[in-house]
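Kindly produce the complete structure, drawing on both the sequences and the hints.
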Amino acid sequence: MIDTWFLYLGFAAGLLFIGLYALLTMRNMIKLFIGFEVVSKGVSLALLGTGFAKNNILLAQSLVITFIVVEVSLVATALAIIVNVTRHTQSLDIRNLTKLKG
Amino acid sequence: MNWQIPLLCGVVVFCGLAILAKDLIKAAIGLAVASVLLGILFFTMNAPYAGVFEISVVAGLITVLFMLTIALTKAEGEVRERRWVKIAFPLFFVAFIVIDVLVMKSLLSKVQVVASGAESGSFGDVLWKQRTFDLIGQLAVILAGVFAVLALFRKKDKHD
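So the protein lines, in turn, are chains A and B.
Take the first sequence: its letter number 79 is residue 79 in the working numbering, and every next letter is one higher.
Remember, the working numbering sits 102 above the position in the second sequence when you count from 1.
Please note that a few of the clues may not be correct.
As the list claims (entries may be wrong) - Below are the DSS-like pairs computed for lysine-lysine, each with C-alpha atoms no more than 27 Å apart in a straight line:
| hint | chain 1 | residue 1 | chain 2 | residue 2 |
| --- | --- | --- | --- | --- |
| 1 | B | K231 | A | K99 |
| 2 | B | K231 | A | K54 |
| 3 | A | K54 | B | K212 |
| 4 | B | K188 | B | K128 |
| 5 | B | K128 | B | K176 |
| 6 | A | K99 | B | K258 |
| 7 | B | K176 | B | K231 |
| 8 | B | K257 | A | K99 |
| 9 | B | K176 | B | K257 |
| 10 | B | K231 | B | K188 |
| 11 | B | K207 | B | K124 |
| 12 | A | K54 | B | K207 |
| 13 | B | K212 | B | K231 |
Claimed, not checked - Calculated Cβ distances over 10 Å to all of chain B for the following chain A residues:
| hint | residue |
| --- | --- |
| 14 | K31 |
| 15 | I81 |
| 16 | T98 |
| 17 | L100 |
Unchecked claim - Computed beta-carbon distance windows for the label pairs:
| hint | chain 1 | residue 1 | chain 2 | residue 2 | range |
| --- | --- | --- | --- | --- | --- |
| 18 | A | K99 | B | K212 | 43 to 51 Å |
| 19 | A | N55 | B | C111 | 37 to 45 Å |
| 20 | B | P150 | A | D3 | 18 to 26 Å |
| 21 | B | T234 | A | R95 | 40 to 48 Å |
| 22 | B | G179 | A | N55 | 21 to 29 Å |
| 23 | B | T234 | A | Q90 | 25 to 33 Å |
| 24 | A | T4 | B | P150 | 17 to 25 Å |
| 25 | A | T4 | B | P192 | 33 to 41 Å |
Hints were generated in silico from the structure; no laboratory data involved.
Using N, Cα and C, we set each Cβ at its ideal position, and we do this for glycine too.
Here you go:
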């Protein structure tokens, strides 16, 4: 049983790495947010993989659905912020936000 | 199980392509394909509701939101990424996988907190009876998201 769990968590860790790599190295705000989406896919996979391996799939499913709803709300808000920031700074470059430093 | 490993590999490959693609629309499409594959994977794991949500909401709605944002910000031009980012990605990724394989199995064998036991009842029982407060939280988060988007796109008054 631990092999199945190991497989899911290994792939979930790979997705987390890809997302974190994008968040740490990219400059385009939309790319950064795509990185965040990849991280959230890894989290969904880890939740459901653990539920599947431990015979708790129903609970894992309800947690994943809650997570997806939160994710959608977050994506809508964050993309609206990106559009507004882009209108102000005339660029998608995240480095322009350093002007916000106090 | 036979189908799961190719699906998992597909999810990782398309997520990697989404990160590395230069064109933002291609990146968004890569992310959508990865979501569809993840949804199919959820179906193979006996989690049809999570699969439906993943395919309809994440692959559908979020991709549409990404496309809209890309269309609204297209006039601002491209952002130059650093050169080494794409070249270094495979090296870092392989190094991470090697460390992951070496470390994770020994770590997982030490985890004894997660109890394993068969569940009773249906998905509806778990969602509506056991996780009722989650649903209230979901409602609050959706409302917060709606109000946040309304506030962000509010037009200026004449007096401002």
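Status of the hints after comparison with the structure:
no. : hint                       : result
1   : B:K231 x A:K99             : violated (49 Å)
2   : B:K231 x A:K54             : holds (21 Å)
3   : A:K54 x B:K212             : holds (15 Å)
4   : B:K188 x B:K128            : holds (16 Å)
5   : B:K128 x B:K176            : holds (14 Å)
6   : A:K99 x B:K258             : holds (23 Å)
7   : B:K176 x B:K231            : violated (46 Å)
8   : B:K257 x A:K99             : holds (24 Å)
9   : B:K176 x B:K257            : holds (22 Å)
10  : B:K231 x B:K188            : violated (48 Å)
11  : B:K207 x B:K124            : violated (36 Å)
12  : A:K54 x B:K207             : holds (16 Å)
13  : B:K212 x B:K231            : violated (32 Å)
14  : K31                        : violated (7 Å)
15  : I81                        : violated (6 Å)
16  : T98                        : holds (14 Å)
17  : L100                       : holds (16 Å)
18  : A:K99 x B:K212: 43 to 51 Å : holds (47 Å)
19  : A:N55 x B:C111: 37 to 45 Å : violated (25 Å)
20  : B:P150 x A:D3: 18 to 26 Å  : holds (24 Å)
21  : B:T234 x A:R95: 40 to 48 Å : holds (45 Å)
22  : B:G179 x A:N55: 21 to 29 Å : violated (52 Å)
23  : B:T234 x A:Q90: 25 to 33 Å : violated (47 Å)
24  : A:T4 x B:P150: 17 to 25 Å  : holds (19 Å)
25  : A:T4 x B:P192: 33 to 41 Å  : violated (27 Å)
In terms of the numbered hints stated before, the structure departs from hints 1, 7, 10, 11, 13, 14, 15, 19, 22, 23, 25, listed from lowest to highest.
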